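Undergrad: Sequence:
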Amino acid sequence: MQRFDFKRASFVERRRECARLARDIGDEQLLSKVELGELPELLLHGEQVVALSAGIMEGALWLITVTDQRILFIDNTMLTGLSQTSIDLDHVNTVSCEIGLIFGTVIIEDGASMRVIDNVWKMSAEKVAQIIRDAVLLKRSVSKLARAIEESEKDAGKRLEKINALLQKGVIRFDEFQMLKSRLTG
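Numbering of the sequence shown is given in numbering that gives the first Met the number 0, commencing with residue 0 and proceeding in unit increments.
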């Protein structure tokens, strides 16, 4: 997976990447969302966007941004201004999906609350739910591997050598390497 830097990319490059992400899950209605303009400022350093969709949560239309670190919900209206909330992937307990005739519902439970996102396009609701599940599993496995490397090797340079060796041997993928590198180098 090639990394895309939303913070440094031009407006046109961001728009193209958002269109690609929306196409990947079948939600091409995103192209007019004003919340996409807020995304670069809300992303953490090095955070990678995995999927984008939209849906109704708590009576408002939200942009649902799945990253390699969290699920970020963004709402920007003229009346209330910018609202955002997020769930760290480490806190997600379950993700489920219900499909109707035209729309679906994605339900995310994080122990403290349950987020219900209605009116997600039918063909993208299942994909979004699965992408979230996959992102949770990936983050947990990378976190576990990072802890093991941190415990076994105190020198940062040697940590990088270890994860590079894992990448070269095909034990980890490039996206996992990038996540490990980011976590181990701070």
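Be careful, since some hints might not be right.
[What the hints assert, rightly or not] Simulated restraints on C-beta separations: (1) Asp23 x Glu149: 18 to 26 Å; (2) Ala147 x Glu40: 42 to 50 Å; (3) Glu149 x Ile55: 38 to 46 Å; (4) Lys180 x Gly80: 34 to 42 Å; (5) Asp23 x Lys157: 34 to 42 Å; (6) Glu108 x Gly58: 13 to 21 Å; (7) Asp174 x Thr93: 20 to 28 Å; (8) Ala8 x Lys157: 14 to 22 Å.
[What the hints assert, rightly or not] Okay, derived cross-link-like pairs now, DSBU-like style, lysine-lysine, Cα gap no bigger than 30 Å in a straight line: (9) Lys161 x Lys180; (10) Lys126 x Lys153; (11) Lys161 x Lys143; (12) Lys121 x Lys153; (13) Lys121 x Lys168; (14) Lys138 x Lys126; (15) Lys6 x Lys138; (16) Lys6 x Lys143.
None of these hints come from the bench; they were simulated from the model.
Note that the structure is predicted; figures quoted are calculated from it, not measured.
Quick reminder that beta carbons are idealized off the backbone N, C-alpha and C, glycines included.
Undergrad: Checking against the hints above, which ones are violated?
TA: 1, 2, 8, 10, 12 and 13
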